[in-house]
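Since the structure of chain F is provided, determine the placement of chains X and D on it from the hints.
If you read the protein sequences in the order shown, they are chains F, X and D.
Numbers given in my numbering equal positions in the first sequence, counted from 1, plus 371.
Numbers given in my numbering equal positions in the second sequence, counted from 1, plus 868.
Numbers given in my numbering equal positions in the third sequence, counted from 1, plus 7.
Hints listed in this document are in silico derivations from the structure and should not be mistaken for laboratory results.
Treat the hints with caution; some may be incorrect.
To be verified - Ranges between beta-carbon positions, derived for each pair:
1) X:Ser1183 to F:Lys482: 19 to 25 Å
2) X:Ala1171 to D:Thr81: 43 to 49 Å
3) D:Arg181 to F:Arg648: 38 to 44 Å
4) D:Pro147 to F:Lys482: 38 to 44 Å
5) X:Lys1219 to D:Leu149: 26 to 32 Å
6) F:Gly552 to D:Leu291: 54 to 60 Å
7) X:Ala1171 to F:Phe422: 36 to 42 Å
8) D:Leu291 to X:Ile1039: 56 to 62 Å
9) D:Gly102 to F:Leu527: 14 to 20 Å
10) D:Ala20 to X:Glu933: 52 to 58 Å
11) D:Leu148 to X:Gln1162: 41 to 47 Å
12) X:Lys1038 to D:Asn155: 56 to 62 Å
13) X:Lys932 to D:Asn155: 32 to 38 Å
14) X:Ala1213 to D:Leu149: 28 to 34 Å
Stated by the list, open to error - Which bits of chain F does chain D cover? Going by a derived footprint, with three or more residues having C-beta under 8 Å, they are:
15) 393-405
16) 454-464
17) 508-521
18) 563-577
19) 642-648
Glycine residues also receive a C-beta, built at the ideal position from the N, C-alpha and C atoms.
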Amino acid sequence: MLYLQVLLNGLALGGLYACIAAGFSLVWGVLNVINIMHGSLIVLGAYLAFFAHQVFGINPFLFAPVAGLVLFAIAYPLQKLVINPVMGRPVLITLTLTFGLNLFLDNLMLKFFQADFRKITFDPPLGVFNLGGLLVPVDRVMATATGLALVGALWLLLRNTQLGRAIIAVRMDSQAAALMGIDVTRTYALAFALGAFMAGAAGALLSGIFPISPVTSSVYLGKAFVICVLGGLGSIPGVLVGGFALGIIESFGTLVLGPELALTLAFLLLIALLMFRPSGLLGRRGFQ
Amino acid sequence: MFSSRIRRAFLASAFSIASLTFAGAYAADTQALRIGAPLPLTGALAPEGTKLRQGYDLWLDLVKEQGGIKVGDKTLPVEMRYYDYQSSTPKAVQLAEKLITDDKVDFLFSPFGSGAAKAASTVAEKNGVPMLASSASSAEVFDQGYKNLFGLYTDNSTLSEPIADLVTGKIPEVKRVAILARNDLYPLSLAHEFEKSATKRNLDVVYFERYAIGTLDHAAALTQLAATRPDWIVITGYINDLILVRKQLADLRVDSRVLTMINGPAYDEWISAAGKLSENVTTASWFHPILSYQSDDVFGSTARFVELFHKKYGSYPDFTQASGAAVGVILQQAIERAASTDRDAVRAELKKGGFKTFFAPVSFGSNGMADSYVPPVYQIQDGKVQVVYPADIATSDFRSGIGH
Amino acid sequence: MSGRVVIGLLAAAAAALALGLAADNYVLRLATTVGMYAALTWSWNLIGGYAGYPSFATAAFFGLGAYAAGVLQTSGLPFGLAWPLAGLTVAVFAGLLGGAILHLRGHYFAIASLVVADVLREVTNVWTGVTGGGMGLSLPLLSLGGVNGQARFYFTAMLMMAALGLGISWLVERSRLGVALRCIEQNEDAAQVIGVDTRACKVAVFMLSGMLAGATGAVYASWVTYIDPTDVYDVLLSVKPIVMALIGGVGTLMGPLVGAVVFLGLEELFWRNVLEFHAGLLGLLVVALVLFLPGGLRDMGRYGLLRRLGRFLPWSRKIL
Chain F
372 MLYLQVLLNG
382 LALGGLYACI
392 AAGFSLVWGV
402 LNVINIMHGS
412 LIVLGAYLAF
422 FAHQVFGINP
432 FLFAPVAGLV
442 LFAIAYPLQK
452 LVINPVMGRP
462 VLITLTLTFG
472 LNLFLDNLML
482 KFFQADFRKI
492 TFDPPLGVFN
502 LGGLLVPVDR
512 VMATATGLAL
522 VGALWLLLRN
532 TQLGRAIIAV
542 RMDSQAAALM
552 GIDVTRTYAL
562 AFALGAFMAG
572 AAGALLSGIF
582 PISPVTSSVY
592 LGKAFVICVL
602 GGLGSIPGVL
612 VGGFALGIIE
622 SFGTLVLGPE
632 LALTLAFLLL
642 IALLMFRPSG
652 LLGRRGFQ
Chain X
869 MFSSRIRRAF
879 LASAFSIASL
889 TFAGAYAADT
899 QALRIGAPLP
909 LTGALAPEGT
919 KLRQGYDLWL
929 DLVKEQGGIK
939 VGDKTLPVEM
949 RYYDYQSSTP
959 KAVQLAEKLI
969 TDDKVDFLFS
979 PFGSGAAKAA
989 STVAEKNGVP
999 MLASSASSAE
1009 VFDQGYKNLF
1019 GLYTDNSTLS
1029 EPIADLVTGK
1039 IPEVKRVAIL
1049 ARNDLYPLSL
1059 AHEFEKSATK
1069 RNLDVVYFER
1079 YAIGTLDHAA
1089 ALTQLAATRP
1099 DWIVITGYIN
1109 DLILVRKQLA
1119 DLRVDSRVLT
1129 MINGPAYDEW
1139 ISAAGKLSEN
1149 VTTASWFHPI
1159 LSYQSDDVFG
1169 STARFVELFH
1179 KKYGSYPDFT
1189 QASGAAVGVI
1199 LQQAIERAAS
1209 TDRDAVRAEL
1219 KKGGFKTFFA
1229 PVSFGSNGMA
1239 DSYVPPVYQI
1249 QDGKVQVVYP
1259 ADIATSDFRS
1269 GIGH
Chain D
8 MSGRVVIGLL
18 AAAAAALALG
28 LAADNYVLRL
38 ATTVGMYAAL
48 TWSWNLIGGY
58 AGYPSFATAA
68 FFGLGAYAAG
78 VLQTSGLPFG
88 LAWPLAGLTV
98 AVFAGLLGGA
108 ILHLRGHYFA
118 IASLVVADVL
128 REVTNVWTGV
138 TGGGMGLSLP
148 LLSLGGVNGQ
158 ARFYFTAMLM
168 MAALGLGISW
178 LVERSRLGVA
188 LRCIEQNEDA
198 AQVIGVDTRA
208 CKVAVFMLSG
218 MLAGATGAVY
228 ASWVTYIDPT
238 DVYDVLLSVK
248 PIVMALIGGV
258 GTLMGPLVGA
268 VVFLGLEELF
278 WRNVLEFHAG
288 LLGLLVVALV
298 LFLPGGLRDM
308 GRYGLLRRLG
318 RFLPWSRKIL
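Bound conformation, chain F alone (with noise of 0.2 Å):
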């Protein structure tokens, strides 16, 4: 029975989780640049969620495609013109890019909402689902669903859409994309912007369940890695599967190990999977 509760926590914030990765497989796999800025968007988004629902009272399940929106508005124009410059050069430079860049804007979070962690409370609780003695909170539930729908939407556009395919073509030959006619740069701005949407999401997501404050920032990066790591770069599927074995390995860890070793865990499958598989769990082979 613990050992089902256990899994059933781990399977509850799967689907969240995929959300929170989802957004940076995509700008990793396409733009071939790791956003360090990830974690700081995710939290960005989740404050709009908080201000959205203390001043008008919006669920913030619902509210997340439009915090999603308002990503998407602040990261194109982002990438035009900041981080375009340097796609194309070494990891080094487009790292430390992104490292500069999450620096300053974690800053002004801290400078514009304080450090103190924001919760939303609501009003009445929403409670928890009885499965036969099994529990399971319903905000953790509803923010797994919506993420799982948010996923489902993207991977829908990547596959049915024009602009999809365009950011598929890019990602597999850059050079035979643009002789096809297609515009690298915008397809690549879109691209963030769309990451960006999904971080922004995730965040309203993640605000219905969890205390926000820009000092958690580095601990949602830290995820993203570990799923994309686990799930296999540049695959919707990858990335699902990862969120889910995430929250599995981080529950039973949790169990076996204890709660002070549980991040510890996820990090050494990381460099385990690095070093010998790191096309992940589902990934293609020498994405680089």
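Below, chains X and D without anything else, positioned relative to chain F:
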């Protein structure tokens, strides 16, 4: 003429000398009492840092009204030097060093918390500068035999012993104790005190685990904790942790006779965040506005301190805010008694103790920790903080069972 | 060594001596920090500059060195033994780590190296019996004759670390290892083809880098007398040396020193005047640096800014 390498070396050294010398020419030099106070104004401990500063500032306001601190027949204005150590302990240490050698402060107020206070105490000791620790309560902080460190808070065991007494006294059926501690100096030290107190009274500690700093999801740990079917649950951490844990305990439908959480439930923010779940949670802290001491300091009494605080900030003071003001009044009283700002004289007065403050009557033990009062135990009842121990200031009785 | 270089180094040494004797404790503290970061940047430059592998492991090496020295000293070892032993420990660790991750390229290597610090931090956190865990580790106070003595001592110690960094870099540059690394940096596959043992070279330079950063961490631990996991494994300890190298010139000999001086000078300026938002401004600085001066200060010549200054600065490598 000169090779590029020589130019390079020259430039590097010139730049360094120039910038450092320029930077070094900073210290002001007026006749005033200078107090150094490193604060975590940004970073994870920013909320606590801001509260501490509020306490300092309120005290300063009152001192300013009087024109300064009476030193013999002179009145010296007070200058506080604040620096942000970004919640990073080594930075706090560097800042303490800087405050002493560069800003030439006369005395120091410690950084927030036990860990940073311990680290900074070495600098203070090295330089012979008396330092008042506003928020350090763990014995580990005071175990280095230093002469310059004075702690406002009593030892962590004064938090666990009274609660353990209350629990075993009023609810003798309690047998199984579960403890979950934040892996941080003060919360972990406190958790060990609870473990000791429980074992001393023949209770079974069926669960004792630590959670990493920054943990946002306690579901797994709490599932495990619940499986041990405890009668008394003790959780230690800071306010953010405790809000989260309380909620996740409820999500997992965990029940017990007693739920103790330190440090957080005494704050208004915690109670409003927890809502109905705050019912009957026990906690303890070194100060609460409900206390009623009469004092010899600028405030005159706890009530007046609370009133003035409310007037300035629009809210009621919690223990961190009060601690900031308390170290101020203690230092002030010590200086006034010594009739001098000489560090040795003031240190001797601090050692003598016997300070009647709005916070509590304060005297320091041989290791520098205060040992002259007992922190009250509180229980949240109907959304309000009630004192349930000691009996002479209790406002209500201790209840068992927790809210849902 | 050419005569000019000797003169240049003597000039720098004279400046250091002047600082050591005449400056007050605050300035000494600042200078000690410069020495520390210069050493760390030289450490990074070995693997990141010469070999071209974007390592974020500096924090891991630094923290491990700090804790190794801390644990050794609290068990009674004098610092004179503890520091070199700590450096050695980290070198061995770097060797093992390198063997495990140096076959990765680009992003994957960067992430792996970044994550190592987190793993080490968590392990340190949990191993309370040895390291004090989340409660931190207090190092024994070295009795060095009062405050001034302490300040001078640590300044000298960090200066030696920096000198060590310079020395190692200089030797590597002139050795066959250095040539091999440059081949690897330009085109690793081609280097393999012409017979360079790329794996051995990479691991060797990674070990040197680790040893240097670890020894610096050891000195740091004694300097601040109290360390805790969150602080010595801080990711900024990996990022700042990279930024400093970018400023001064990645892959150059004196770049790390120039970068450290400029960066810390700016940081001190910001930090004094802008109490609350200094880290954010630093972020902006990094962004501006990457966008406009990716080749370091020398790129200022590109914009006609301080053209003369641009010519003063070192260059012996292609622009990134």
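For this structure, which hints from the list above don't hold up? 6, 9, 17, 18
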